[in-house]
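Participant: For chain G, the structure is supplied; the task is to place chain V on it using the hints.
Read top to bottom, the protein sequences are chains G and V. Take 192 as the starting number for the first sequence in this note's numbering and just add one per residue. Take 2 as the starting number for the second sequence in this note's numbering and just add one per residue.
Since the hints were derived computationally from the structure, they do not count as laboratory data. Bear in mind that the values here come from a model prediction, so they are computed numbers and not experimental data. One or more of the hints may lead you astray.
To be verified - Pairwise CB distance ranges (calculated):
| id | chain 1 | residue 1 | chain 2 | residue 2 | range |
| --- | --- | --- | --- | --- | --- |
| 1 | V | 161 | G | 256 | 32 to 40 Å |
| 2 | V | 240 | G | 285 | 46 to 54 Å |
| 3 | V | 41 | G | 312 | 31 to 39 Å |
| 4 | G | 273 | V | 122 | 22 to 30 Å |
| 5 | V | 281 | G | 312 | 49 to 57 Å |
| 6 | G | 301 | V | 20 | 45 to 53 Å |
| 7 | V | 240 | G | 220 | 30 to 38 Å |
Quick reminder that beta carbons are idealized off the backbone N, C-alpha and C, glycines included.
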Amino acid sequence: MAEVQHKLEIFRGLLKFRSNQSKIWAVLIVLSIVTIIEVALGIIKPKALLELFLGMKILNWIFVILTFVKAYYITWDFMHMRDEKSGLRNSVVLPLVILVLFLVALLLVEADYIFQIKYNGFLSWDF
Amino acid sequence: MEIQVAESQEIKKDWEGGVKPLKASYGKLMMWFFIVSDALTFSGFLASYGFTRFKHITTWPIADEVFTHFPFLHGVDAPMYYVALMTFILIFSSVTMVLAVDAGHHMNKKRVTLFMLLTILGGLIFLGSQAWEWKNFIVGQYGAVETRGGQILQFVDGSTGKRAYIDDFSQEIQYNRITQENNQGIWFTGDEVPEITLEEVKLGFIENENLLIRTELIAENEKHILNREESITKLNDAVRVVKGANLVRNEYGNRLFANYFFFITGFHGFHVFSGVIINLIIFVNILLGTYQRRGHYEMVEKVGLYWHFVDLVWVFVFTFFYLV
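The shape of chain G in the complex, shown without the other chains:
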């Protein structure tokens, strides 16, 4: 197993590391920075980011995007997805992306519909 080869660059080749270990520590730093940004934003809650954009607050969109950034680095570098063949990579990632997006989109649209009925329709909130 000693001959295992790792791809040692992150950020599309912007950063290249000498060893797998230093890459791991760098990824830890990336993940920590992202988490710190998330928590800081969650505590400060800047007024400008509380506007709605596509049915959700901008702040929440930022959280969701940052979560996917973290998910990418965990799968690609900790789970060594970067070193796998593209066939394996796609057969794991694509079904998840397609199915989950589909499920979430349907459920959220439906939930919003129920909400609209409840508040603007014929049911009152304080029953």
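Facilitator: Leaving out everything else, chain V in the frame of chain G:
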């Protein structure tokens, strides 16, 4: 003729066993299978959480106001700091895991042992944190009352704008409580007698002029607070005192909030728990030298995949339960 035969044999060889078409071993592929299906399970839970939340988007509890505890800081309002710490603990145990895998590639038994031990420790600390988090959630803090329609009404001190504890403002009334016994032919309904009764809360509320009622409704990113007259009328709708949380009702707001909290973080915690157990088994095997003799540490890699997945799920739970 001969050349053709040789060609077709070569093409066939890839799928006739003995080789790894995706350059990954059977065990690793099966771990990926499991991870994909488990990821779909968690997506189902989180999507249904999103559904419920979008359905009650204007009345859902605000997570910052629910998870405000930090160890050794009593009464200090520390929103999310503790869950952020838990996230770091789990990410860090992921790092030690991947370092163990790396040490395994170099056949370095000592380092694999060390990093596996650290990973297990990280998992245990995370589990302890989650237990503490659950304890705070179940015991509750301020207390609230529930209306006939199942809405939660919380209390605010109008002069400071801070939440008021029902333990503090309720006026004690002397009741003649009778202990019912079987020989009186009474069926016990199982409804626990609350430490503070609704009458005591109402009396205390009337006597303390500053108190106001906070409804579930969110207006401009904050919970709507009624004025004094509205509060007094609203309090007449209350039917019971709610303290803490259980599977039926909770003091934080929507009943489903606590149900999802228990279910999703519980299911994730169960994954962490099984991860720790599996890690322990692998750890014992490392100590016994099983993988050293086998010539490779792929088992550590496989259990590592599972462990990272658990970390990955937490990243999503953290966002959707605590941040958003």
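Participant: When the hints from earlier in the document are held up against this structure, which numbers fail?
Facilitator: Result: hint 7 breaks, nothing else.
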